[in-house]
Every structure is written in structure tokens, then in C-alpha cells.
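Engineer: Here is how the chains run, residue by residue.
10 protein chains.
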Amino acid sequence: MLYHVRMDVRIPHDLDPDVRDDTIAREKAYAQELQRAGKWPHLWRIAGEYANFSVFDVESHDELHQILSGLPLFPYMDVQVTPLAKHPSDINN
Amino acid sequence: MLYHVRMDVRIPHDLDPDVRDDTIAREKAYAQELQRAGKWPHLWRIAGEYANFSVFDVESHDELHQILSGLPLFPYMDVQVTPLAKHPSDINN
Amino acid sequence: MLYHVRMDVRIPHDLDPDVRDDTIAREKAYAQELQRAGKWPHLWRIAGEYANFSVFDVESHDELHQILSGLPLFPYMDVQVTPLAKHPSDINN
Amino acid sequence: MLYHVRMDVRIPHDLDPDVRDDTIAREKAYAQELQRAGKWPHLWRIAGEYANFSVFDVESHDELHQILSGLPLFPYMDVQVTPLAKHPSDINN
Amino acid sequence: MLYHVRMDVRIPHDLDPDVRDDTIAREKAYAQELQRAGKWPHLWRIAGEYANFSVFDVESHDELHQILSGLPLFPYMDVQVTPLAKHPSDINN
Amino acid sequence: MLYHVRMDVRIPHDLDPDVRDDTIAREKAYAQELQRAGKWPHLWRIAGEYANFSVFDVESHDELHQILSGLPLFPYMDVQVTPLAKHPSDINN
Amino acid sequence: MLYHVRMDVRIPHDLDPDVRDDTIAREKAYAQELQRAGKWPHLWRIAGEYANFSVFDVESHDELHQILSGLPLFPYMDVQVTPLAKHPSDINN
Amino acid sequence: MLYHVRMDVRIPHDLDPDVRDDTIAREKAYAQELQRAGKWPHLWRIAGEYANFSVFDVESHDELHQILSGLPLFPYMDVQVTPLAKHPSDINN
Amino acid sequence: MLYHVRMDVRIPHDLDPDVRDDTIAREKAYAQELQRAGKWPHLWRIAGEYANFSVFDVESHDELHQILSGLPLFPYMDVQVTPLAKHPSDINN
Amino acid sequence: MLYHVRMDVRIPHDLDPDVRDDTIAREKAYAQELQRAGKWPHLWRIAGEYANFSVFDVESHDELHQILSGLPLFPYMDVQVTPLAKHPSDINN
Numbered sequence: 001m002l003y004h005v006r007m008d009v010r011i012p013h014d015l016d017p018d019v020r021d022d023t024i025a026r027e028k029a030y031a032q033e034l035q036r037a038g039k040w041p042h043l044w045r046i047a048g049e050y051a052n053f054s055v056f057d058v059e060s061h062d063e064l065h066q067i068l069s070g071l072p073l074f075p076y077m078d079v080q081v082t083p084l085a086k087h088p089s090d091i092n093n
Numbered sequence: 001m002l003y004h005v006r007m008d009v010r011i012p013h014d015l016d017p018d019v020r021d022d023t024i025a026r027e028k029a030y031a032q033e034l035q036r037a038g039k040w041p042h043l044w045r046i047a048g049e050y051a052n053f054s055v056f057d058v059e060s061h062d063e064l065h066q067i068l069s070g071l072p073l074f075p076y077m078d079v080q081v082t083p084l085a086k087h088p089s090d091i092n093n
Numbered sequence: 001m002l003y004h005v006r007m008d009v010r011i012p013h014d015l016d017p018d019v020r021d022d023t024i025a026r027e028k029a030y031a032q033e034l035q036r037a038g039k040w041p042h043l044w045r046i047a048g049e050y051a052n053f054s055v056f057d058v059e060s061h062d063e064l065h066q067i068l069s070g071l072p073l074f075p076y077m078d079v080q081v082t083p084l085a086k087h088p089s090d091i092n093n
Numbered sequence: 001m002l003y004h005v006r007m008d009v010r011i012p013h014d015l016d017p018d019v020r021d022d023t024i025a026r027e028k029a030y031a032q033e034l035q036r037a038g039k040w041p042h043l044w045r046i047a048g049e050y051a052n053f054s055v056f057d058v059e060s061h062d063e064l065h066q067i068l069s070g071l072p073l074f075p076y077m078d079v080q081v082t083p084l085a086k087h088p089s090d091i092n093n
Numbered sequence: 001m002l003y004h005v006r007m008d009v010r011i012p013h014d015l016d017p018d019v020r021d022d023t024i025a026r027e028k029a030y031a032q033e034l035q036r037a038g039k040w041p042h043l044w045r046i047a048g049e050y051a052n053f054s055v056f057d058v059e060s061h062d063e064l065h066q067i068l069s070g071l072p073l074f075p076y077m078d079v080q081v082t083p084l085a086k087h088p089s090d091i092n093n
Numbered sequence: 001m002l003y004h005v006r007m008d009v010r011i012p013h014d015l016d017p018d019v020r021d022d023t024i025a026r027e028k029a030y031a032q033e034l035q036r037a038g039k040w041p042h043l044w045r046i047a048g049e050y051a052n053f054s055v056f057d058v059e060s061h062d063e064l065h066q067i068l069s070g071l072p073l074f075p076y077m078d079v080q081v082t083p084l085a086k087h088p089s090d091i092n093n
Numbered sequence: 001m002l003y004h005v006r007m008d009v010r011i012p013h014d015l016d017p018d019v020r021d022d023t024i025a026r027e028k029a030y031a032q033e034l035q036r037a038g039k040w041p042h043l044w045r046i047a048g049e050y051a052n053f054s055v056f057d058v059e060s061h062d063e064l065h066q067i068l069s070g071l072p073l074f075p076y077m078d079v080q081v082t083p084l085a086k087h088p089s090d091i092n093n
Numbered sequence: 001m002l003y004h005v006r007m008d009v010r011i012p013h014d015l016d017p018d019v020r021d022d023t024i025a026r027e028k029a030y031a032q033e034l035q036r037a038g039k040w041p042h043l044w045r046i047a048g049e050y051a052n053f054s055v056f057d058v059e060s061h062d063e064l065h066q067i068l069s070g071l072p073l074f075p076y077m078d079v080q081v082t083p084l085a086k087h088p089s090d091i092n093n
Numbered sequence: 001m002l003y004h005v006r007m008d009v010r011i012p013h014d015l016d017p018d019v020r021d022d023t024i025a026r027e028k029a030y031a032q033e034l035q036r037a038g039k040w041p042h043l044w045r046i047a048g049e050y051a052n053f054s055v056f057d058v059e060s061h062d063e064l065h066q067i068l069s070g071l072p073l074f075p076y077m078d079v080q081v082t083p084l085a086k087h088p089s090d091i092n093n
Numbered sequence: 001m002l003y004h005v006r007m008d009v010r011i012p013h014d015l016d017p018d019v020r021d022d023t024i025a026r027e028k029a030y031a032q033e034l035q036r037a038g039k040w041p042h043l044w045r046i047a048g049e050y051a052n053f054s055v056f057d058v059e060s061h062d063e064l065h066q067i068l069s070g071l072p073l074f075p076y077m078d079v080q081v082t083p084l085a086k087h088p089s090d091i092n093n
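Residue numbers (my numbering), protein chains in the order written: chain A, 1 to 93; chain B, 1 to 93; chain C, 1 to 93; chain D, 1 to 93; chain E, 1 to 93; chain F, 1 to 93; chain G, 1 to 93; chain H, 1 to 93; chain I, 1 to 93; chain J, 1 to 93.
Honestly, the hints are just simulated from the structure, not real lab data. As the structure is a computational prediction, the values presented were derived from the model and not from experiment. Don't take every hint at face value.
Covered, in the sense of this in silico footprint (three residues per stretch, anywhere, with C-beta under 8 angstroms from a C-beta of chain H), are these stretches of chain J [what the hints assert, rightly or not]:
1) 19 to 32
2) 82 to 91
Rough simulated footprint, nothing fancy, chain G against chain H, three-plus residues with beta-carbon under 8 angstroms [unchecked claim]:
3) 3 to 17
4) 23 to 31
Every residue, glycine too, gets a C-beta built ideally from N, C-alpha and C.
Isolated chain A (complex conformation) (with noise of 0.2 angstroms):
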């Protein structure tokens, strides 16, 4: 099942340079592991934003939340997730 995911991301900025650096270095890697794996097909940058639009394949919710809440970011992010159903107009339903 398909997920549309917003996530803003606000690292404070008294946060320790090395705690940050290897956060989000942990981050990038974490995503990749998802992305290969099929969990994690669209992933992009909103343009000027420290943001990103996302979409997860998953099976339920609770491997979304499961996903979702082991971010390394996740403590600095905002989070919004939307569930996907086929429209009528698409041409591959």
C-alpha cells in the first residue's frame, strides 16, 4: 500500500556538529537500505527546503510507523503521512 510523506527537517542548532554529522550520515544510509529494498520508491527534495516529499510501499501502518519513527531524524522532523488510493483516471488501474 502506497503512503504520501512529508517530512520537515529542524535540527537545532546548538546540537552537537559530531551528534549531527553522523546522524544525518546514519540518515542517508538508512534511506538507501529502504529505497533498494522497494519500501522507499519516490524520494524527493523540495526545491529551497531543508524537506523532503516522499512515497512508501509498505504493508500497514505499522511497518510505516516502524519505518517512519527509525529514522535517525526523526527526533528533528515533522512528519505528515497521507494514504494513497488508485484514482479513477489513472491509466494503470
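Following the hints, complete the assembly by docking chains B, C, D, E, F, G, H, I and J onto the known chain A.
Structural biologist: Here is chains B, C, D, E, F, G, H, I and J on its own, set in the frame of chain A:
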């Protein structure tokens, strides 16, 4: 170039039913033609709402505006456009 | 899977009274049929408003959208869907 | 009487980690005690967010406030309470 | 139990003037009957707006909803309910 | 003259605990003195929130501002003032 | 006492043109009479909007409400009232 | 002096089509006349919306308001004006 | 030319008290100097808030920005500027 | 292609003053270099705010994001991007 678009449809309840049905039918044909042309690669229904999230792949802001303002339902829509850049963690980049 | 849904009903004051009464009667029958089928386990009135909080238990986003868009009052509703995951402090998990 | 409650948790990033862990542990014990007592019949995680939708079943506004303000995480929460009435289409009424 | 209620009245400009006048007259009678019964202890006009702040004193959420949804102007109102608890600094507690 | 006031208290989590406790104690004494003087006839806790709805009865805007800005918790509050007029349906008018 | 008032005028497009013109003419006469009486010392147009910022100087909330609700355009206005106190840096205090 | 202006056009769907077409034609002529006079140096369409961002170069707030309130589409527009000052990093200053 | 300005002051609670006191003292002197120069004809406290409504009378947007950005409290303020035009019902026009 | 950008700068009050001054100096140099290269044709200060409206003229969303995310003040900014299309009433089209 990719654009993320949210469309919310609000058809007035006192619109002539024939105009309404004809507009919706033309909307569907128009949307499918653009999908077949590769201009509208993603079209998802927002679950529970008369709304969609879409991704467009066009040459310019002008082409995008021409397409969106040509939607038969455009007069009854709220449309919000967000330009999408490549994400540094996207494995396809 | 569980979905939290808020519905706000805004019937236009100039809707034909017979259409209105018929729509509300069909809404009630439809809602009760879905409750009996186990698809709509919770339905609460928000005190003081023509609105409700509901919980749906369905197989997929598509089934949820089919049910919600089939509500006789759907054209007059604002609907907001939130997917619900298990809570780690829930004693039933 | 039933109350719908949304809780959003925002723990400051510079809170002492021991205080944080202890607070979260006490929150879980407190929440489970109230569930066992029948005061907190529903507790759902909002997918993708450090937030929950809950339903409380208590005697009065005062009892509800006593419970909520006693949550160990209360100082770090935004809480929104909505009183729930019976819905005329609820098959249990 | 006490409930704080804000009501904003928005009567459509094209409502039949006789219906309008009759509805307003019935609203006044209804409001005064509830005040005399002790159910509606405070009713204040918000200066400059067609709106009021009220306090209701009723047995339950259901009684409150029955009263509010029975207001003759209810179809033209936005209503917002807030449950009130005792304040620890209130000298009457 | 009557004023409706909403106060939301947001004490910073890193405020010195002694300062905090002392401020809250002074706030309570101050609030009770004003109630006894008849200046603050209503004080209700908003259920589930560190906030209150109050009604003040004072001579002028200046007196109201002097009272509110003198609250020991004022530096940590969001305050919203609404002047109240007589309601034509109030049976006491 | 001084009150700051913002008025936004939203005349329905299908209002009878004669009613509209007559209402606007009466509004102007009413506003000028109040200015001459010293009740409405400041009246400014918000550049680019059918709206104004005003300052009223009246005896009480009730007098203010009587004046504002008597505006011929009142049924088509959004009105927002803010009570003004003396500023400690005002050289006239 | 420069003013940034955002205009959102919302033409009612039940406006007479001839009135509508005539208004839009007059709007275009009016806008082009002001551009030729140097009063309206920038006019951009917001992609995907019936809206524009504009910059006006006029003598005073009064001249700006006279121009904007004279727009044939003004009754159907939401307009938001922002005064622009020189930026210290602008290489033309 | 006249500008309506709303200023909301939000001084961080952990600002050095001496810096704070000095800043507020300089703010007052600065504000009074501008009033005496006729640049700041109106300055009102918003009752109950650490905020003011002001009217400035200056030559240009640049002069206004120079004045406002020079306020000692400017780094801790939210400022909102609205250009004011003559109102057609103002008896002074 | 043209993009409208609004930037709001919010520098934390406890940022090291040297870091702050250095960042602002580098921001200015960076902005002026982009103006000279023709990438940043318009840069206006929003009167009264630490914010600007800008227009960028770049090849793609990716180039825009690269430029904006490279701003020395980017970590302290809220940025909002709007793609601009040609307006049918623009006399230059």
C-alpha cells in the same frame, strides 16, 4: 523537470448536472491523454477526499501552467504546485 | 487496519429539502450497514457540531476510499483521514 | 462519559537523557494502569508522528484533567480535548 | 458540569426574511427558557461580532449536544465546545 | 466592564525550578487577591491544558492591562483579550 | 476608551445593485456622523483591500457593539475588536 | 516606491458569462495600460493558480489603492500588499 | 505617508537581565525621540499582550524600514506593516 | 526560468556573535556574486521585517536548490519557492 501538485476539487452543488458530468468526463480524457504522453507520471487519490497528489514531468513552468489551467475542472479546483529537486539520498542520483 | 476519520457536514442551506431528507436517511442506513459488517467499529458525535470522529477497520486505502466516497453526504463533507498504528503502551499489544 | 484526546509529544532535545528515559518509562506505567482501570479504553499511535489519539471514559471534566495533567510527559505535550456524544446513527444506541 | 461554548452566527444573505426573523425570534425564546432552567448560566455578546461566549451547566455531553443542536440558528452557526474543570486558584474550590 | 481572557502558560523546561515554584506560588496568591476584590469573577481550567478561560470585571482597558501584565507568569503566557457586551437574549438585561 | 477595529467588507456578488448602493450610501453617512460626534477618531483604508483599520473612542463595550452592529454594512463584514491601553513609552502619558 | 502585490482571482461560477468575459477583457486592457505607463513593472502568473505576483511603482499608498480598487476584477479578488524597501545586499544600491 | 504597524515582543527568557533592561530602556528613548520628531504619531498598547499597534508617518518605505530595523528590541520582535490610504468616508478628506 | 522566493531569517539569539557576523558577511558576498551572474535578478527587503522577496532566474529546480541551500544563512531561514509563468496580460509576452 518534476513538479508536485495537489488538487482539491470543489464543485458547486448547484452546478447544472449535465455540465458537471460532461466536465468530469472531459477531465478524465484529458488526464489520461497527458499520462500517455508522459507528462503526468503519477496520479494518486488522497484517501477520503475529492483530491489528488500528482507529479508532472514537463519542460517549463509555462508548460505546467498551460496544462493545469487547461484542466476542465480547473475553475473548481484549488491547486498547489511545488517544484521537486533531486534528493541527495536518492539511489537513482 | 484502522483509520481515524473526522467528518464535518456542511449541507448548503438552499438544498432542496426533499433531497436533503432523503440523503440523510440514506446516510444513516449506509452507516448502519457498515457498522453491522464490522467495517465502522466506532462512530461518535462531536458535541455541539454537525461532525463526527470515526474509526474504520478495512483491508486497504482503496476500500476506505470506496466506503467514504460512497457516503450519501460525501459531496457536503470535509473528510480527514489518519492511519492508526499500534501504540507501544497499549495493553492489548 | 467519553472524551476524545489528541496528544502531541515534543521532548526538548537538550533534556537530560536520564530524565527523559525515566519520564517515558513512568508514562508507560501510568498509561497502562489507567487502561486496566477502564479509564483509557482506546490508545492509538498516529502513524509517522510522536502523537496519539485516545478515548477516555471518566466521570467528569475534573477527573479527566486530573488524569491528563498527571501524565509524566504532560509538560512536553500539546493536548486537545473533545467531548463525545452519542451519534444517532450508532447501532449501539 | 460546565462547558465553555463559542457560537458564531453566519446567516446566508439570501435566506427568506420571514424565515430569518422567525428563526431569530425562536432562538431568543429558546435561549431564555434554558437560562431560566439554569442550563445556560452565562451568555455574553462578543463586542463587534455576531457571536457569543456562553457557559452551559448540564449533566452530560449528550445533554449539551441535544441543547446546542436544537438551537433554531444551529444550521447557520459555527460552534466550538471546551470542557471546563475547576481551577486550583479558584477561591470557590 | 467585562473582559473574556484566555491564558496559555508555557514555562520553559530549563527555567530554574526554584524560580518556577516561586512564580507559581505568587501567581496563585495574586489571582486569589484579585478574585476577593471582585476583579476576577470567573476562573476556569481548560480541561487537559495548562490554560484557563477567565472573566475580568474592571473599570478600563488600562486597569485590565495593569492586572494582566502584573501576573507573575505573564512572561510565560500567551494572553488573548475579548471585550464582552450585553447579549440581547440574556434574561438579566 | 479606545478600541482598535479591523473591518473587512465582503458584499455578495448577487446582492441587488440598488440595495448595495443604498447600503453603501447609508454606511458613509453613518460613519461621518460618528466621526463628527467624536466617537470614531481614526478611519484608514487598508491599501489594496476593501477593508479598514479604525479607532473608536466610546464609553463602554456596549456602546461600541451598538455602534458596530448598527453599521449598514455590518451583515457583510468581518469585524475584529482589540481594546487599546496606554503605552508606557507614549509621550502623551 | 515599490509595492509587492499578490492577487488571487475567485470569479463566482454563477456570474453571467457575458459579464465575466467583458470584465476579463477590460482587466487585460487596464493592466496593459498601467504597464505601458511604468506603474506596473512586473506581472507574473503563479504557476497552476488563477493568481499573480506583481510589483507596482507608484507615488503613494493612495495612488496604489486607486489603481488596485479600479481593477475590473477587484470585486472578485483577494489582494495582499507588501511595501518593499531597498535590500542592503542589492548590487544596484 | 502613513503605515500601520503591529509589533509583538518576544524576549527570550534566558537573555542576560542587564542586556534586557538596557535594551528596554534604549527602546523607550528611541520611541520617544521618534514621537517628538512627528514620525510615530500613534502608539497604543494591545491590552493584555506585550505588543503594540502603531502608526508611522514617514517619507518612504526605506525610511520606515530604517526606523523599525533600528529599534533596540527589533531582534526580538515580530513586525507586520500595512500601508494606509485615505478612506473615502473620512471627514478630513 | 523564474522562481519567486520569500526568505525569512531567524538567527538564534544565543548564536556566537562572531559566527553570526561572519555568516552575514558571507551571505552578502554570496548574494552579490549571484546577482552579478544574472541568477538573482531581483532582491527586495520586506519593509519592517528581517525577510526578503526575491526572483531567481536559473536553469532548473536543481540549480535553484543548490543556490538556496548554499546560502550561508540557509540553516536559519524559512524559504518558500513559487514557480512563475508568463502572464497573458504581460506586455512583454
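Engineer: Please go over all the hints and tell whether each is borne out by the structure.
Structural biologist: Hints, one by one, checked against the model:
1. 19 to 32: Result for this restraint: holds, n = 4.
2. 82 to 91: holds (count 10)
3. 3 to 17: holds (count 5)
4. 23 to 31: violated (count 0)
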